[in-house]
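Undergrad: Those protein sequence lines, which keep their order, are chains Z and X.
Anchor point for the first sequence: position 177 equals 177 in our numbering, and the numbering is continuous, going up by one each time.
Anchor point for the second sequence: position 115 equals 115 in our numbering, and the numbering is continuous, going up by one each time.
Every clue listed holds true.
Partial list, derived from the structure: chain Z residues whose beta carbon lies under 8 Å from chain X: (1) A94; (2) E101; (3) A104; (4) G118.
To be clear, the hints were calculated from the coordinates, so they are not data collected in a lab.
What you are looking at is a predicted structure, and each value in this text was computed from that prediction instead of being measured.
Ideal placement from N, C-alpha and C gives every residue a C-beta, glycine not left out.
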Amino acid sequence: MLDLKNIRKTFNAKTVNEKVALDGLNLHLNDGDFVTVIGGNGAGKSTMLNAIAGVWPVDSGSIIIDGTDVTGLPEHKRAALLGRVFQDPMTGTAATMQIEENLALAARRGEKRTLKIGITKEEREGYYEKLAALGLGLEGRMTTKVGLLSGGQRQALTLLMATLKKPKLLLLDEHTAALDPRTAAKVLEISEQIVTEHKLMTLMVTHNMRDAIRYGNRLIMMNEGHIILDIAGKDKENLSIEMLMDAFAQASGETFANDRILLG
Amino acid sequence: MPGAVAQGLIWGIMAIGVYITYKVLDLADLTVDGTMATGGAVCVMLMLNGVNVWVALLCAIFAGMIAGLLTGIFHTAMGIPPILSGILTQLSLYSINLAIMDFKANQGIAVTKYPLIVSQRNVRQMSLSNPIFITLIILAIVIALLYWFFGTEIGCSLRATGANEAMSRAQGINTNIAKIIGLMISNGIVALSSALLAHYQGFVDVNMGRGAIVIGLAAVIISEVIFGKIFVNFALKLVGVAIGAVIYYIVIQVVLWLGLNTNLLKLLSALIVAVFLAIPYWKANLDAKSSGKGI
Chain Z
1 MLDLKNIRKT
11 FNAKTVNEKV
21 ALDGLNLHLN
31 DGDFVTVIGG
41 NGAGKSTMLN
51 AIAGVWPVDS
61 GSIIIDGTDV
71 TGLPEHKRAA
81 LLGRVFQDPM
91 TGTAATMQIE
101 ENLALAARRG
111 EKRTLKIGIT
121 KEEREGYYEK
131 LAALGLGLEG
141 RMTTKVGLLS
151 GGQRQALTLL
161 MATLKKPKLL
171 LLDEHTAALD
181 PRTAAKVLEI
191 SEQIVTEHKL
201 MTLMVTHNMR
211 DAIRYGNRLI
221 MMNEGHIILD
231 IAGKDKENLS
241 IEMLMDAFAQ
251 ASGETFANDR
261 ILLG
Chain X
1 MPGAVAQGLI
11 WGIMAIGVYI
21 TYKVLDLADL
31 TVDGTMATGG
41 AVCVMLMLNG
51 VNVWVALLCA
61 IFAGMIAGLL
71 TGIFHTAMGI
81 PPILSGILTQ
91 LSLYSINLAI
101 MDFKANQGIA
111 VTKYPLIVSQ
121 RNVRQMSLSN
131 PIFITLIILA
141 IVIALLYWFF
151 GTEIGCSLRA
161 TGANEAMSRA
171 QGINTNIAKI
181 IGLMISNGIV
191 ALSSALLAHY
201 QGFVDVNMGR
211 GAIVIGLAAV
221 IISEVIFGKI
231 FVNFALKLVG
241 VAIGAVIYYI
251 VIQVVLWLGL
261 NTNLLKLLSA
271 LIVAVFLAIP
281 YWKANLDAKS
291 SGKGI
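Chain Z extracted, bound-state conformation (with noise of 0.2 Å):
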């Protein structure tokens, strides 16, 4: 369970920069809810999910995931129960360091580290079992340094990394807006795999309208730091993208006139 409370957050507050990110959001989600989210430039979408991951603090309101109040939790606290993969397939790995390695830091997300070793012989079986799974060879070069694999490649080791220790709410931050569209289409596959089999609650933030409405068992639509469309069920199973438009048009009364979104 997810619940945000009339989340506000300002950025650059009482300077010429200002702007309100977020302005009264409330959501709340179910367990293994998968909701993807969509809206215009600026609409709140990503700050939305660094606010439940913890990136800064937010201005009033709460966050609470699974039944911890998290409001008040730095980001690395947080983390115990979250999963996350970004845009940039270079935030969320280690360049530097192994494919195995990166994985093992994942294996220990929300665990006290230790001077126990830092990857033991067991685990390096099961990750390449779980690596095979992915389809994409990595289990081969499980020594290999992740910076020398592709975007697309980097993008399904942090998913797995996300879901290695199952989290409570899966953030997913338009991970496949740097990809090309095969490679997106591949990672977007593996990530519903993933969703599916360990039945993970996900807020899934795209910019593709077709992707939002394919995917998931619910769709939000934020404009100006609120949610302002939600859609769930038959009536989501039913959707098509000039619904979405129009529904868009009625709850902002604007058009939606934004070609990123458009092209999708």
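Mind docking chain X on chain Z? Use the hints.
TA: Just chain X now, kept in the frame of chain Z:
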């Protein structure tokens, strides 16, 4: 020449400390200029007051770690950029080091009266008391311990912090704690080197750490240029850094033989390091031009 090797090895221990902050944690830590005198000061003063040599050495390492802790607190708890944090600690250490040394600029310790671990006097002897031999053993112990540590869960979290902070936090690593631990280990090692250097030369001087960071960086860079492709393993990289320091001291020795004024040494060191730091940048620019793509 044996003198240059012995000195190079002792500074090699110091350079390994620099390697941990500069390469593993990706922080340029200038604390070491102060710590490179603190270790010697603590060790010598304790020994002059009758403390056992090994206890004095441990205290020296501990003092270095406290200095690293202070820089870490400046950086993480007070939000001061790492370079400035190091400079602040380094400056404060100047006074602290003088205080440790009874407010004298230097303090001697005679090898005839005290059981020094290494001494310049034995550098040409073919015996177990030869400082080259003893320093090699200490180096091996330091490298073995670091190799073990950076393979542990905590050690891995330090490497991850240096590689990608955002990712480390997303994986639940407290990056502030990781940086503090790294700074403490680094400065502990530098203080050990400082204590050995004081033993070796038979005195501690409040200025003996001046420019230490540049010597450390020189050793790290020399090792990268020469052994970068062959020494991939972490332990071998540390060995490479120690060899880098030895090469640096041999080069200095040769330059002095050629008749360079000793007072110009620091200028020479700084220029050499500046050029070596610039090489990767120039190389990247050249590559971009020759591939015709620009950057």
